[in-house]
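Go ahead and model the full structure; you've got the sequences and the hints to work with.
Each chain, written out:
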Amino acid sequence: MKEITTKSMPYDAWKDNEYIEKLVNELRESGTNVIVGSLDKLINWGRSNSIWPLTFATSCCGIEFVSLGAARFDMARFGWEVARSSPRQADFMMVAGTIVNRMVPVFRRLYDQLAEPKYVIACGSCAISGGPFRKSYHVAKGIEDIVPVDVFVPGCPPRPEAMIYGIMQLSRKMKVERFFGGVNRKMNRKQYLAEHPEENC
Amino acid sequence: MAELQNKISRQFPGATFEDGEILLINIADAQLHDLIKTLRDEHGFDYLVTIVGMDWKTSMGCVYYLADTGMSRFVSVKTQTEDRDNPMLHSIADLYRIAGILEREVYDFYGIVFINNPDMRRLFLNIDWKGYPLRKDYDVNDAANAPSIENERQSDLTQTWVELPDGKVERREEIVFKPEDFVVNIGPQHPATHGVLRFRTAVDGETIKKIDVYMGYIHRGVEKLCEDLSYMQTLHFMDRLDYFSAHNYHHGLCLCIEKAAGIEVPQRAVVVRTLMDELSRIASHCLFIGTFCMDLGATTMLFYTLRVREQVLDIMEKTCGARMTFNYDCIGGVMADIHPDFVKDVKELLATLEKNVAEYNKLFTGNVIAKNRLEGVGILNHDDAVSYAITGPSGRASGWACDVRKLVPYAAYDKVEFEQVVRTEGDSMARFKNRVDEILQSKHIIEQLIDNIPEGDFLAKVPKVLKLPVGHWFQVVEGCRGVFGVYIESDGSNKPYRLKLATPSLNSAAVVDHITRGQKIADLITIGGSMDYIVPDMDR
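For the protein sequence lines, the chains are A and B, in the order given. With the working numbering as the guide, the letters of the first sequence map in order to residues 1 to 201. With the working numbering as the guide, the letters of the second sequence map in order to residues 202 to 741.
Be a bit skeptical, because a hint or two may be false.
Claimed, not checked - Derived lysine to any residue pairs resembling SDA-like cross-links, with alpha carbons at most 25 Å apart:
1. A:Lys-135 with B:Leu-430
2. A:Lys-141 with B:Asp-343
3. B:Lys-644 with A:Ala-70
Everything labelled a hint here was simulated from the structure, so no lab data went into it. Values in this document were obtained by computation on a predicted structure and should not be read as measured data.
Here you go:
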């Protein structure tokens with residue numbers, strides 16, 4: 001497997017390659033079947049270029065997300081413009097804004113309603129940690145306690161460029177995924193669990 | 202005011218008075234209702250600005266701010282009770298229609314029950330919430346209130362406390378919707394509620410019978426957070442309430458603190474603040490036009506209006522360093538001097554503005570679909586607008602000239618010429634047109650100021666640790682959506698003892714039930730859109 005990047009961006013321009021490289025190394029070590037590997041590549045090419053967001057915004061970050069959709073930043077360039085109002089049609093959820101106690105069950109339900117494979121981007125400091133409202137009596141201290149998060153985009157609110165970068169990272173993550181799972185994994189289960197203790201379940 | 206004081210003291214011998222910038226009348230709870238009724242009926246105070254819930258540790262109570270419709274006179278009324286376990290006051294919900302929901306907010310935060318208020322549910326917090334968060338003895342880290350992914354308990358019951366003829370108070374349970382009502386749930390995750398707001402809508406076929414507005418999905422407890430921060434630190438929350446009026450809200454809080462501390466702001470800062478307020482208004486109304494038209498299906502409008510908004514944001518970014526959440530106004534002036542390109546950029550913006558507005562009108566305002574969807578829909582008449590305290594462009598669409606910039610001028614607004622945009626139709630179209638016209642009025646204001654920015658300092662000398670004297674202050678400014686009020690009570694330390702933010706969006710959401718009754722459910726979205734509420738602004 002080659003370096004994971006997009007056409008318009010040289011590999012060195014990405015800021016945090018360690019995480020992706022770790023994933024790539026894991027894949028390289030386990031090897032792949034030529035046919036299944038090519039199929040995976042085709043599917044991932046399609047998936048990573050048409051990521052549909054769920055229209056979900058609670059506060060300020062949501063307005064920057066609107067700007068992202070408008071002509072200047074134009075996320076249609078990347079195939080992300082099809083914002084869906086129903087979670088069942090969306091691929092990922094951009095959590096733009098504070099999640100408060102009353103919103104937590106609603107938010108969790110929306111996540112559960114997303115169809116697999118699904119992704120979450122925590123956008124802005126409120127979604128990451130509670131941000132300026134962390135000490136409040138009615139604010140969840142980061143959404144990671146509620147749903148698994150794929151990409152964190154810092155900022156209050158993040159600039160639209162930062163959001164673009166965040167979603168591009170998500171699309172890279174999609175590219176290294178194996179749609180057909182670990183069918184070619186040569187490792188046995190015991191060995192795998194010993195190497196990944198945190199994933200013991 | 203002395204005349205008013207004399208009259209009141211003759212009629213209510215128990216009342217005591219405190220002079221200040223706004224006359225304060227202390228009254229016992231038993232006479233509260235009569236006093237406020239007298240103020241409203243005989244002295245013309247028919248606009249309830251806000252109700253400030255208070256916890257003075259030894260007692261609990263409320264401060265009511267009233268004004269006349271022309272905002273030439275303000276008066277405040279204070280009442281308190283010493284019973285902390287079972288605090289009860291009399292409701293004024295029958296005098297002002299907005300009071301119902303403001304009292305619910307006080308009940309939610311302080312646990313003060315209002316006798317005769319027909320709907321005493323919690324407003325922002327769950328029905329099972331333990332404690333009342335704005336009380337001084339509340340434990341913020343109470344594990345019982347930790348967030349949970351379990352659905353919150355829902356109830357169709359509401360409670361009300363009724364005073365019986367013999368003086369006893371009885372708690373009664375009542376049902377919000379009738380058993381035969383067909384209730385449709387809209388929100389909190391809905392693309393056209395402009396945030397996380399929930400309407401429980403009882404419908405008869407397609408006609409709306411009743412709406413129960415359910416908020417709190419973005420209640421962040423800003424007022425409580427501010428009590429733990431120094432005055433300088435409280436400022437940045439103003440960016441995150443109504444994020445379109447960030448400058449205006451900053452301005453309001455700064456004015457209130459400066460008034461209390463006796464700080465004089467340099468003229469340069471005064472003018473720059475005014476310019477920023479008006480630029481915000483242009484950007485805010487542009488986004489309103491875009492999203493409102495998008496609600497009606499005219500998606501293209503969003504691209505046209507955001508073009509101007511981006512231009513304004515560029516100007517702001519050069520000076521303030523951010524596209525949103527600027528944190529630019531600070532106590533004693535502004536954070537930084539304007540960018541060297543500021544004047545040039547603003548002039549470029551103004552040069553294209555009129556053409557752009559003409560384009561919006563050409564594309565949308567005269568469109569036959571828009572006319573059919575908006576004209577005569579969601580009518581709010583003048584008296585209801587006052588009673589519900591709907592201010593800003595929405596209030597002015599109902600014929601109430603309520604622009605604080607004109608009526609109680611602050612900053613540089615007394616030096617510029619502009620018109621209040623007032624319409625009398627009171628329908629969605631009038632609210633829409635008002636905002637379009639206000640863009641041009643803002644342009645007019647900026648034109649008068651942009652060439653006359655005084656030279657000099659942009660920031661007055663302010664002590665590093667700012668302490669306010671003991672007392673309380675109230676300030677109103679015109680946000681992009683209406684009157685924004687700030688109430689500060691200080692105990693002499695460097696933190697506010699109480700900081701109350703009276704925001705216009707809460708009122709706009711409260712009135713939705715009233716103006717949608719008898720309308721079609723499809724119009725709920727357009728009526729809500731035309732009220733232009735911002736959910737974090739109403740929940741705070």
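Status of the hints after comparison with the structure:
1. Distance hint between A:Lys-135 and B:Leu-430 is fulfilled; the C-alpha atoms sit about 11 Å from each other, no more than 25 Å.
2. A threshold of 25 Å between alpha carbons decides the hint, and for A:Lys-141 with B:Asp-343 the separation of about 14 Å falls inside it, so the pair holds.
3. With a CA separation close to 24 Å, the supplied pair B:Lys-644 and A:Ala-70 stays within the 25 Å bound.
Every hint from the earlier list agrees with this structure, and none is contradicted.
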